[in-house]
Amino acid sequence: DQQVKQNSPSLSVQEGRISILNCDYTNSMFDYFLWYKKYPAEGPTFLISISSIKDKNEDGRFTVFLNKSAKHLSLHIVPSQPGDSAVYFCAASERSGGSYIPTFGRGTSLIVHP
Amino acid sequence: KAGVTQTPRYLIKTRGQQVTLSCSPISGHRSVSWYQQTPGQGLQFLFEYFSETQRNKGNFPGRFSGRQFSNSRSEMNVSTLELGDSALYLCASSSTSGLNEQFFGPGTRLTVL
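The listed protein sequences correspond, in order, to chains W and F.
Quick note: the first sequence uses this note's numbering, first residue 1, plus one each step.
Quick note: the second sequence uses this note's numbering, first residue 1001, plus one each step.
Among the hints, a few may not be true.
[Unchecked claim] Residues from chain F shown here face chain W by an in silico Cβ test under 10 Å; the list is partial:
#1 V1004
#2 P1008
#3 K1013
#4 G1016
#5 E1048
#6 G1062
#7 F1104
What the hints contain is simulated information worked out from the structure, not anything from laboratory work.
For every residue, glycine included, the Cβ atom is placed at its ideal position computed from N, Cα and C.
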């Protein structure tokens, strides 16, 4: 059973508009959340994270929102650029054995059209 | 700083064989984690090593094993390969095991025929 779900396998957005990628989780023990971006033939690269004690974190064009009561987080990209076209993975972590082990969603493929 | 490197990048094996994949973390990083990525299951955690000790293990059969050397380089081994083991195997490193941000290598694409 998936503990982290990205229900939209793909998303298409026009350049300059907002991209909103969504992620839902079921495990209430998750306390740290991350977004990764993956281009073809490359490994995922870290984008932005948020701790469960916060509800928003911004980094340039990227903002992550966390709604703990709904067990939902979202990534907003404003404005979207063609170079943002990639697969985005949501990950949720819980502490285990002295480290944080992330559980990944299956990814959302974002296409930003010029 | 050089990134995470993985060798080989591509590998073709037949059922029943075994395979060893290698990962060199970013210099100074002591934590190395391995993931399996398949189209149907996404990214699944295999195991994490920190200072040569396996700290966490995912829900994979015992055919999947790993180790870490004193220079933090890591290897994972899959024995008695099955068709379902065909996947992209990703290695990720981080500076401490408590740090959430991981740096991924490009992966090894394993095809089992």
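Hint by hint, here is what the structure shows:
no.: 1; hint: V1004; verdict: holds, 7 Å
no.: 2; hint: P1008; verdict: violated, 14 Å
no.: 3; hint: K1013; verdict: violated, 21 Å
no.: 4; hint: G1016; verdict: violated, 29 Å
no.: 5; hint: E1048; verdict: holds, 6 Å
no.: 6; hint: G1062; verdict: violated, 19 Å
no.: 7; hint: F1104; verdict: holds, 3 Å
Hints 2, 3, 4, 6, counting from the list given before, are not met by this structure.
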